[in-house]
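J.: Below, each chain spelled out in residue letters.
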Amino acid sequence: MYQSIANYKKARYFWVATVLTVVSSWAYYWHEPVNSPNGGTWLGYTLGTIGALLIVWLMLLGVRKRSYRSSMGSVQGWTSAHVYLGTALLIIATLHCGLQFGNNIHTYAYVLMVTVIFSGFFGIYAYIRYPNLMTANRSGETLEGLLEQIEKIDGRCVKDAKKAGLSAEVESAVVGCNIGGGWWQQLSGKDSSSIEMQDGSVVKNTDQETIISILADKLSQTQDSEKSGLIQNLLASFAAKQTLLSRIRRDIQIRGLLKVWLYVHVPMSFALLAALTVHIIVVFYYW
Amino acid sequence: MADKKDSNLDYKVSLEQTGLSKRWPSWLLFVGILGLFLIIPLLSLSNSDLAKTLRNSPLPSDNSWISGELSPPHQIPDLNQNCDACHVNGFEVVQDNTCLSCHADTNHHFDIAQHDVQKLEESRCASCHFEHEDPVQIVRQDDQLCSNCHNDMAETGVATTELIDVDSFGKEQQGSMQKPHPAFKVSMLRPSGVADATTWETVRVALAEKPVEKSNLLFPHDVHLDSEGIDAPEGKRVLQCNACHVTDDAGKLMQPINMVNHCSDCHTMVFDSNAPDRVVPHGDPDTVILTLEEYYARQFLLAELGREPTSQELQDFMLRRPGKPVQRRVEQEVNLSSPWGKAISVAEEIFERTTCKTCHEISIDESGNHLSKWRVNPIRLTRQWMPKSDFDHYSHKTFDCGLCHQATGSESAEDVLMPDLDNCESCHTGSRTHESKLPTNCIGCHNFHLPNQAPWGGPTDSALNRMIRASQITRTDESSSHPSTGPSKP
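Line order of the protein sequences matches chains R and P.
The numbers in the numbering used here rise by one with no breaks, and the one at position 136 of the first sequence is 136.
The numbers in the numbering used here rise by one with no breaks, and the one at position 115 of the second sequence is 115.
None of these hints come from the bench; they were simulated from the model.
A quick note: this is a predicted structure, and the numbers were derived from the prediction, not measured.
Where is the CB? At the ideal position from N, CA and C, for every residue including glycine.
Treat the hints with care, since some could be wrong.
[Unchecked claim] Simulated coverage check for chain R against chain P, where a stretch passes if three residues somewhere in it have a Cβ under 8 Å from a Cβ of chain P: (1) 33 to 43; (2) 104 to 118; (3) 175 to 183; (4) 266 to 278.
[To be verified] Here are the in silico distance ranges between beta carbons for each label pair: (5) R:66 to P:14: 48 to 56 Å; (6) R:26 to P:93: 23 to 31 Å; (7) P:248 to R:29: 42 to 50 Å; (8) P:128 to R:63: 43 to 51 Å; (9) R:66 to P:129: 49 to 57 Å; (10) R:75 to P:43: 51 to 59 Å; (11) P:437 to R:26: 28 to 36 Å.
Full structure from sequences and hints, please.
T.: What follows is the structure, encoded as C-alpha cells:
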C-alpha cells in the first residue's frame, strides 16, 4: 500500500512537490522585499494563494475517497499527491508567513496546519511500519478467527472447570477476561482482566496469570488423578488463551495506531479550514 | 456459555466502536473557530461599545486579527488594539487622510507647486510606513525608497532639476551600479558688497572645485591648533577643536562661534598698554571711536585739572571739542597732543593693524556717513554646509575630528574643511554590499520629509491635494492653516 502511494507513476507527485518547493524557496531567496519577508508582499500573496488552494485541494481527498464512481484519477494517485503536496505545503506556508509568528489567528492557522501535516506524517509512518507487524502478529489468522479460538477455549475451560469443581474461579476468569475496550485501552494494549476470588474480592488477572497461579495451587493440592488431569487441561487451555490474548491485544493496538492519527488529522483539517477562512477574510478586512 | 459467545461479539476491537469520532469534532472546531474568531468579532464592530467590551473580555476579538505589534510611536491608547482607529472601513486599505488627521504637519519631499510627480502621487503613506511588521520598522530602510525615483529623474517626471541620478551609495554594490552617489557639494554663504552694504547668498559648490569661503573672517586654524599651544593671558594654552566647536543639544550641528564665548579670553580689546583694564567694545566702530575719545578726553582733563574730571566736566569738554562737525571727526588732523588726535591715531592702529584687523576684514568708508571711516565687513560663517544630509556629530564622537576635517594644516579661514564623499566611504558603504564597512542606506543620511517644504496635507493646490480632496478629506482648521513654503532650495 505504502509503496504504491510513494512510487505512484514513478513518484510523479514527489517531483511535482519537489519542483514546487524548490521554486518557492528560490523565489524567497531571490525576493528582496521592502521590509522583512511577510505574507503582504507580492511573493507573500503568491505563496499564500498557492498554500490556500493546496489546503482546499488536500481536503478534497476526503470527498474523492467517498466518490467511488469518480473518474477524476485514482484514489491511489490522489493519496500519493496528497502526501507529497501536503509535505510541500509545510514549506510553502512557512515561506508565505516569512517566519513571522504571533499570538493571533494567522499563527493559529499555521499551528493547526503544522498539526495536520505532522499527524499526516504519523499516518505515513504507520502505513510504512504497522502492516508488516500486523501480518507477523496474526500469523495468517484474522482477528475474528482469533476471537473464535478464544471462545472455543473459554467453552472448554467452563466445561472442564465444572467437572473439576472449579467453576467459580474459572468462570469468573472467563467473564472477567478483557479484550479491547475504550480507545486508550485499545491503543495502549493494556490488559485489565480481573477475577473474583472466593472471598468476594476482585483482583487483577493480567495475562491470565492469577487464574493460572490459582490452578497451579489447586493442582499441587489435589490427590485425585482425574481432577489433577482436568486441572492440567485447564492450565493448558489458559496458557493457550494467554498467548492468543497477547496477539489479539497487539492486533487491536496496531489497528488502532493505523487509524488513530485520522482522529487528529481530519478534525484539525476542518479547524484549519475555518482558521484559513478567517485568516483570508481578516487580512483583507483590515487591509 | 451462550451469553459469553454473545458478549464476544460486543468486544470493542476497533476505534470506530469507541466514543472517538471524526465528524462531530470536525464540525465543532470548524463552527467554533469561524464563530469565535470571525463572526462574533465582525458583529461586535457594528457597535463601538460592544467592540470595546469584547476586546476587554477573554473571548477573541478583532485583536486576534492583529498580525504584528504596532511600532512604538503608535502604541498609544487611542490606537493600540483599537484597530478601527486606522482601519476605518472594512476591506479598504488605510487611507492617507487617516494618517494626516494626526500627522498634518508632515512635510512634502519637494516643492509640490513646481513638480507634479506621478510616481509619488500614486504612493500612499503606508507605501513607506509599514505597521504590524516583524521586526517592527515604521520607516522604510531600503534604498529603493529613494532610487525608485532618483535613479532616473527624467523618467520620474522631473525634467528640470539639478539633482544627479543615483542608484545607491557605496563603491562596491552587488551587481553593477551605473549611477553611484555623486561627490559632495556644499551649500555655502557668499557675500557681495562690503561693510554695511554686504548681502549674502547661498551657493551650491562641488567640493571638488576647491571652493573658498568668503566669510570676512581672518582665522588660521593651524595657529590655533598648534600642539605647543597659543599665547593666552595665563601663558601657553593648547586648544582642542571642542574649545570652540560644540554641538547643539541634539548633538547634530555645531553651535555658532562668537567672539565673547570663544575668542575674548585671548583676544582682549586693550588699546592702551598703560591701561590694561580698558578695552574697546566689540561691535559698532562708531562706538569704538567714542570710547577712545572719551578715554583720551578724560586723560587730557586729568592732566589739565590735576584730578579726575567730573562727569559734567567731561561731558562739557566733549561737546566743546573744536574742529569739524561731529560726523567729520575722522578727517581731523592727527594731532597727538589733542585727545581727538590721539583717539584717531589709536583707532587707526587697532582698525588697520592690530586688534580688529587680527580677525576682521576692514573697509574704508569715506562717505562721511559714519563717525568712523573704518567699517568692519560683517562675518557670517556657514552654519550648515550640507543641508541636504542629516549628519549627526554625536554618533561620530568617538572619532578624532581630524578624520574628517583637515584643520591642523589650514592657514586660512577661506579653506573649506568639509570632507568629500571619499572620506565617508572610508567607513561607510551601501546597504547591499560585501564590503567590510558599515552598510548605510539612503535615509541613513537623507530625510524624505524635508523641513522646508509645505505640509503634506497643506493648502498648496498640488496634484496631491487634488487627490486628497478627491478622497473626501475633511481637513481640520488647524491643519489647513499651515503656510505654503517657497522653493525647495535650501
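J.: Look at each hint and say if it fits the structure.
T.: Consistency of the hints with the structure:
{"no.": "1", "hint": "33 to 43", "verdict": "holds (count 5)"}
{"no.": "2", "hint": "104 to 118", "verdict": "holds (count 4)"}
{"no.": "3", "hint": "175 to 183", "verdict": "holds (count 6)"}
{"no.": "4", "hint": "266 to 278", "verdict": "holds (count 11)"}
{"no.": "5", "hint": "R:66 to P:14: 48 to 56 Å", "verdict": "19 Å, violated"}
{"no.": "6", "hint": "R:26 to P:93: 23 to 31 Å", "verdict": "30 Å, holds"}
{"no.": "7", "hint": "P:248 to R:29: 42 to 50 Å", "verdict": "45 Å, holds"}
{"no.": "8", "hint": "P:128 to R:63: 43 to 51 Å", "verdict": "46 Å, holds"}
{"no.": "9", "hint": "R:66 to P:129: 49 to 57 Å", "verdict": "51 Å, holds"}
{"no.": "10", "hint": "R:75 to P:43: 51 to 59 Å", "verdict": "41 Å, violated"}
{"no.": "11", "hint": "P:437 to R:26: 28 to 36 Å", "verdict": "29 Å, holds"}
Going down the numbered hints, you'll see the structure goes against 5 and 10, while the others check out.
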